Structures are given as structure tokens and as C-alpha cells.
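Chemist: The primary structure of each chain is shown beneath.
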Amino acid sequence: MSSDKPAFKYPLSWRILDHAENVAALWPRRWSPLTGYLLLLPALLLVFVLVIGLVYIFDYSLHELDLATYRLKDAFSLVNYHVALKSATYRTVVLRSLGASFIVTAITTVLAFPYAYVMVRARSSGTRKFLLISLFLPFFIGQVVRAYGWLIILGKEGLLNTLLASLGLPPIKLIYNYPAVVLGLVQYMLPFAVLLIAPAITAIGEEIELASESLGANWVKTFRHVVIPLAKPGLVGSAVVVFTLTLTDFAMPEILGGGTTDFIANSIYDGFFQLSNPGLGSALSMILVTLGSVFVTVLFSLAGTGTLVSRENVR
Amino acid sequence: MTRKQNSGQKLSRRQFLTGSAAMVGGALIAPGLVFASTPKKPKEIIVRAWGGAWGEALKAGVADGFTAATGIKVRLDFTEDNEIKPKIWAAVDQGRVPPIHVNWDTTTNATISALRGVTVDLSDLSNLKGLLPLAKPIGLKGYPLVNTYAYVYVCAYRPEAFPDGPPKSWNVLIDPKFKGRIALYDDGIGFTPVAVLVGGGTRKDIPNNMEPAWQFYRKLKKNKPLLGEDADFTNWFQNGEIDVACTISVNARAAKQKGIKVSWTVPKEGCKVDTDGLWVPKGLPPNEEYWAKQFVNHALTKEAQQKWCSMLGLPPVYPGIKPPPDLVGDVAYPTRPEDFKNLLRIPSKVLVENQPKWFAKFNEIFQG
Numbered sequence: 001m002s003s004d005k006p007a008f009k010y011p012l013s014w015r016i017l018d019h020a021e022n023v024a025a026l027w028p029r030r031w032s033p034l035t036g037y038l039l040l041l042p043a044l045l046l047v048f049v050l051v052i053g054l055v056y057i058f059d060y061s062l063h064e065l066d067l068a069t070y071r072l073k074d075a076f077s078l079v080n081y082h083v084a085l086k087s088a089t090y091r092t093v094v095l096r097s098l099g100a101s102f103i104v105t106a107i108t109t110v111l112a113f114p115y116a117y118v119m120v121r122a123r124s125s126g127t128r129k130f131l132l133i134s135l136f137l138p139f140f141i142g143q144v145v146r147a148y149g150w151l152i153i154l155g156k157e158g159l160l161n162t163l164l165a166s167l168g169l170p171p172i173k174l175i176y177n178y179p180a181v182v183l184g185l186v187q188y189m190l191p192f193a194v195l196l197i198a199p200a201i202t203a204i205g206e207e208i209e210l211a212s213e214s215l216g217a218n219w220v221k222t223f224r225h226v227v228i229p230l231a232k233p234g235l236v237g238s239a240v241v242v243f244t245l246t247l248t249d250f251a252m253p254e255i256l257g258g259g260t261t262d263f264i265a266n267s268i269y270d271g272f273f274q275l276s277n278p279g280l281g282s283a284l285s286m287i288l289v290t291l292g293s294v295f296v297t298v299l300f301s302l303a304g305t306g307t308l309v310s311r312e313n314v315r
Numbered sequence: 316m317t318r319k320q321n322s323g324q325k326l327s328r329r330q331f332l333t334g335s336a337a338m339v340g341g342a343l344i345a346p347g348l349v350f351a352s353t354p355k356k357p358k359e360i361i362v363r364a365w366g367g368a369w370g371e372a373l374k375a376g377v378a379d380g381f382t383a384a385t386g387i388k389v390r391l392d393f394t395e396d397n398e399i400k401p402k403i404w405a406a407v408d409q410g411r412v413p414p415i416h417v418n419w420d421t422t423t424n425a426t427i428s429a430l431r432g433v434t435v436d437l438s439d440l441s442n443l444k445g446l447l448p449l450a451k452p453i454g455l456k457g458y459p460l461v462n463t464y465a466y467v468y469v470c471a472y473r474p475e476a477f478p479d480g481p482p483k484s485w486n487v488l489i490d491p492k493f494k495g496r497i498a499l500y501d502d503g504i505g506f507t508p509v510a511v512l513v514g515g516g517t518r519k520d521i522p523n524n525m526e527p528a529w530q531f532y533r534k535l536k537k538n539k540p541l542l543g544e545d546a547d548f549t550n551w552f553q554n555g556e557i558d559v560a561c562t563i564s565v566n567a568r569a570a571k572q573k574g575i576k577v578s579w580t581v582p583k584e585g586c587k588v589d590t591d592g593l594w595v596p597k598g599l600p601p602n603e604e605y606w607a608k609q610f611v612n613h614a615l616t617k618e619a620q621q622k623w624c625s626m627l628g629l630p631p632v633y634p635g636i637k638p639p640p641d642l643v644g645d646v647a648y649p650t651r652p653e654d655f656k657n658l659l660r661i662p663s664k665v666l667v668e669n670q671p672k673w674f675a676k677f678n679e680i681f682q683g
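Residue numbers (my numbering), protein chains in the order written: chain E, 1 to 315; chain H, 316 to 683.
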């Protein structure tokens, strides 16, 4: 026996895994059905913290601001809800936000679907990669920078107006209005929508489309009766995400709206910061949460949970 | 061993001069030593400030001088003034250390914080003596804040858009010729009291009868104004988006200094004049509170006031400082009583009690 030989050592990764297994063995075997829930715990804790925050916000919303001390009064009151619901301003802001959410969701879905379809079905890997990179690039830029990008392009001395001027045409006011905000939001939401629709299209077997065509359906019929119904889970998931993100957006209306196209989030900001009235800001926040929750509940009950929750919907 | 006894010896003139020179020289070489007996110095103090021309002026005029004198670095925090307020309030309420040492704030916002009881009393600052009465906050006990200069919300305009001379009345804002090319602050700050006068009211109507202002705003809304913050006005003038705006003279002057063609005037109805101030939040460790107060004290010295306010182009609270050459006799640089005749100063108490209501109404008109 040679004692000079170095002792055999397993690779480091193996040894780490061995230790991990030893630690995992401390977890009693009879509790193994709970293992999955244990892994969920951090995420559940985060949600729990959010709920605690929401409880506080709800509590604030039930107290009126005392202008003599700029503190919320102790007495419970519905005055903030009264102000928020009775005011024509906040009604307009809520309707404007809801309107934009519907418009942006519709336009984004129409634009995202073909993008996702081509990205999934393209024969060339180069095309797929190009579309994927184009999709992710805006994520690295961020919403505020993208909004400023629109100001540069659409401003009075921006790219488009410079082009018009070179053609001898007068400048057009393209920013600081509602259409500019919607345009900025559509551009911002498009990658989210594509990323949520793409898995649903991936789950549709190409052979199903071929079968449809071999049975005599042209591409329009195949698209309408096969692809869209099977992609419904992705469409639902995309609609929920785009709608709720638009409804709660702050930056686009702030930057591209010119100060007169506020959404609910801007009014909440004003309530908390410009008016120093956390009661009113909280009441508006609760209204926003309620609106978003109602929309999601209605959509889920009508069309299912899409790719967001249900596994059996994705085939 | 015999010790040399110094006690009882007379200090010769030569020895006195040598010693004094050594002390002065030492203080110049190591300025921090002059504060040797004072509380422990923090590595830095954080001062909330406005950005752009405002922040540059504070740095060059006050912060750099403070650092040179004490060795303490000054970090400027450009958090929006309305955003820092609830953060400080929450920190003080919860017994946490506030996020900044000194808040450079509007007098109205500072007064609100003082009413909430989150400000440190500055009455013991040595440099308060001899300042103009403008430095003292009105209606508050002691010095929970100190005003540092006055400023005017002028009518800024592009001279190219006004070939016949500066606008004579604020009614220019409702002239259809300038539809979509006018701008105000996004909460009506700086203009709402003046809007009462433009709308046919009088100074006595403020704050009990604001209806003339609301009527004027309803007309103004049809002219599609842009609503923004300080930095927006400079950008809008620079990008040719607007022809006329109600903004603080500092922004118009900063734009002009950048080569943008902008002028300003006080129309016949007048302009609102206001003040900004400095305050120290409660809840800082005692040594940091001491040095925060020293920062404020330094900002009230003649040298700091001269440089800071000259860069801003605003009349300081330190008496006798001459205006910068480009602002001598300027309507936006009031110094004599007659300069204030056409300027509207609303007491802080009125602003504190009414500004939220005015903003709500402004919002109702322009967002509704």
C-alpha cells in the first residue's frame, strides 16, 4: 500500500452537494409534503409585507388631514373617499387612466401577437435572435429614458418636425398630450406583451396548424380558429399585465403629458407629496388597487387565468 | 533641575505677534483645528438642494466655503423638495435619524414642517444678528427656519415672439396667438394670487375670494398651457416649445446664461415675491445637528450670501450686498421699498393654510 499517494478527493461541486443533502436530511421525512411550501415562504413573506403596507394605507385613508399641524386626525372619517369620489377632477383622471389602459392593451396585443408569432416560428435562428435582442434592448434603457427619447423625436425641434420643416411644412405639436402618452406606453408595454404571448404560441404544435391547412383552411381561418384560441392563455396573461401596468403608470403621463394628462398614480403622488395629505393619497391608492383588482377578477372569470396561473390551459 | 517659570512673565510684543501669526497660519493650513473644541465632526453633511443652476450656486457659494473652513464634506441631495418632506416627517415620528442634515426649502414648505414640529430652533445662530427682517419667518416662534433670500415669479418670454416689446399684462397667457406655447408651474405656485388680480379681483380678495383666479384659469386652460417644474421651463425655452411662462427669475436667467434668448418682466398686475430658507430636522445625533446648524450659520455670512445669491441672481437677507452687474435695476431683483410696490408677498400663514386648497382647485381646472 502506498501511503505517498494523495488522498482521493471528490470534485468540489460534489462535496457541496453532499453537504447540502446532509443539511436537507435534517428536515424530517414526514414533513416532506411541506417542502414545496417552504420554498414558497420567502415569496409569501414578501406578499405579506405588501399586504401589511396596504393595511396601513387603508388605515391612513380613513383619517382626515389637520391643516393646523399637517398630521392626520385621530378620528375615523370617510372624508378622503368623499373628496376622491365626488371630485370631477379625480373622476376625469380615473376615466383617463382606465381609457388609456384599454387602448394600450388593445394596441399592444395587436402589435405583440405577430411579433411573438414570428419570433417563435421563424425558421432562421438569426431572425429569432434578432427579434429577441430587439425585444430585450428596451429593458436595458428604462422607462424614463425612453420617454425622453420620445421628447427628442417628437418635440418641436425634434426629428419629425425637423423633417417636416425640411419639406417646407409647419411644425406639428406631437408631445404633451394624451396621444403622446398612449404612444409612449404602447412602446413600453410591447416587450411585456410579447414575452407573455410567446410561450403560449410555443405551446401550439406546428403540426396542428399543418393539420388545419391540410383540411382546407387557409391561413386566415387557421389563424382565427386554431392559433388565436390556443394562444388565449398568453393573450389573457398579456392583457392582465399590460392593463395593470398602464393603469398604475406614473412616468409616461408625467413626462409626455405636459402636466395636464395626469393618471391616477400622478394624483396619488400629488396627494402624498405636493398636498402633504397621506389620507387623500391613500384613499386614491385604495381606489386604484380596487379598480385593478376588479378588472383582473372580471377578466379571469371570463377568460381564465391564462399563462399566469393555470398549467392545464397551456397545451 | 530648575524649571523655568513662565507664570508671571510679561508677554513681549514680539512673542505676541509670533504666537498670533502661528495661530492664524495654523488655522489657514488646517482650518479644522479652529473648531478643535467643538463636537466631533461628521465625515460629511447632506444638504437637500434643487438641481441645475440652483445646486451649482449652493455648492460654489456655501458648501465649498463650509468645507474649506471645517474640513467637512458637503453632499448635495437633489431629492425633490416635496418628496423629502414626508421622509423627514416619518423619520422624526419613528425616532429614526432623518435622511438629510439641512433642508433647503421653500418658506411655505418649511413652515409646514415647522408647524408639524420637526424643525430644530436656530435662534442661537450667531450670524442671525443684523440680517434683514426678511430672514425671520413670520408667525412662528423663534427661528425654526431662516429665510435666506427673496425671489420673484416673473413673466419670462422669448423676445422673438414679442417684437413690440415685453408683455404688459398677464393676459398674454390667454391670447390665442400663444395657444399651447405658454407654461406655468404644475401646482399653480407663484401665479395663483396674481391670477386673482388678472381675473379682476383685488389684493383684499386673497385668500377669501379666489373666484377671479379660477375664472382666469378656466380661460387659460383653453389656451393649453404646459405645466411643469423648474427644470422644465429651461428645457422648454431651449427646445422652442414655449414663448411665455410664469417662472422664478433664476430659471429664466439660467436659460439666458446658457445662450437661450429669454427675457423677463413684471407685468402691470404685478408678480408674486416669495422666499426660500434653510432648516435642520430634529432627530440628528447631537454632533451632526451642531454641524448642520453651523452650515446654516455659514450660509448667512456676508461672503456666502454674496456668492450664493449673486450666482442665483436673487436679493440676499444680508444687508448691503450689491446686485450682480446684469441685474442692477432689474425688476426681478427688488432691494428698495418701491421695488416691492408691484410685487405681491403673501404671508406664510395664508399660504400654509390655503395653498393645498388652491392646488386642489388648480388641479380640478387643469386636470378636469
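Do not rely on the hints blindly, as some may be mistaken.
[As the list claims (entries may be wrong)] Below, a sample of chain H positions facing chain E; criterion: calculated Cβ distance under 10 Å:
hint	residue
1	E398
2	K400
3	R431
4	V435
5	S438
6	L440
7	D501
8	G505
9	G543
10	Q553
[As the list claims (entries may be wrong)] Computed list of lysine-lysine pairs in BS3-like fashion (alpha-carbon distance at most 25 Å, straight line):
hint	chain 1	residue 1	chain 2	residue 2
11	E	K73	H	K539
12	H	K664	E	K86
13	H	K539	E	K173
14	E	K73	H	K597
15	H	K676	E	K73
None of these hints come from the bench; they were simulated from the model.
Treat the numbers as computed from the prediction; the structure is a model and nothing was measured.
For glycine and all other residues, C-beta sits at the position ideal for the given N, C-alpha and C.
Chemist: Does K676 (chain H) pair with K73 (chain E) here, judged by a C-alpha cut-off of 25 Å?
Modeler: At roughly 23 Å apart (the allowed maximum being 25 Å), K73 (chain E) and K676 (chain H) satisfy the hint.
Chemist: Less than 10 Å between beta-carbons is the criterion; does E398 (chain H) satisfy it with respect to chain E?
Modeler: With a closest approach of 5 Å, the E398 (chain H) hint holds.
Chemist: For the pair supplied as a hint, K664 (chain H) and K86 (chain E), is the alpha-carbon distance within the 25 Å limit?
Modeler: Roughly 28 Å separates the two Cα atoms, so the pair is violated.
Chemist: If you draw a straight line from the CA of K539 (chain H) to the CA of K173 (chain E), is it 25 Å or shorter?
Modeler: Holds. K539 (chain H) to K173 (chain E) sits at ~11 Å (cutoff 25 Å).
Chemist: Closer than 10 Å between Cβ atoms is the bar; does G505 (chain H) clear it against chain E? Give me holds or violated.
Modeler: Violated - the Cβ of G505 (chain H) stays beyond 10 Å from chain E, reaching only about 14 Å at its closest.
Chemist: Per the CB criterion, is G543 (chain H) less than 10 Å away from chain E?
Modeler: holds (6 Å)
Chemist: Verify the interface restraint on L440 (chain H): the C-beta must sit less than 10 Å from at least one C-beta of chain E.
Modeler: violated (25 Å)
Chemist: Holds or violated: K400 (chain H) as interface residue toward chain E, Cβ cutoff 10 Å?
Modeler: At about 6 Å, which falls below the 10 Å cut-off, the nearest Cβ of chain E leaves the hint on K400 (chain H) intact, so it holds.
Chemist: How about V435 (chain H): closest beta carbon in chain E under 10 Å, or not?
Modeler: violated (17 Å)
Chemist: Tell me if the straight-line CA distance from K73 (chain E) to K597 (chain H) falls inside 25 Å.
Modeler: Holds: K73 (chain E) and K597 (chain H) sit about 22 Å apart, inside 25 Å.
Chemist: Hold the hint about S438 (chain H) up to the distance rule: shortest CB distance to chain E must be less than 10 Å.
Modeler: violated (22 Å)
Chemist: Is the shortest C-beta separation between R431 (chain H) and chain E less than 10 Å?
Modeler: holds (5 Å)
Of the numbered hints stated above, those contradicted by the structure are hints 4, 5, 6, 8, 11, 12, listed in ascending order.
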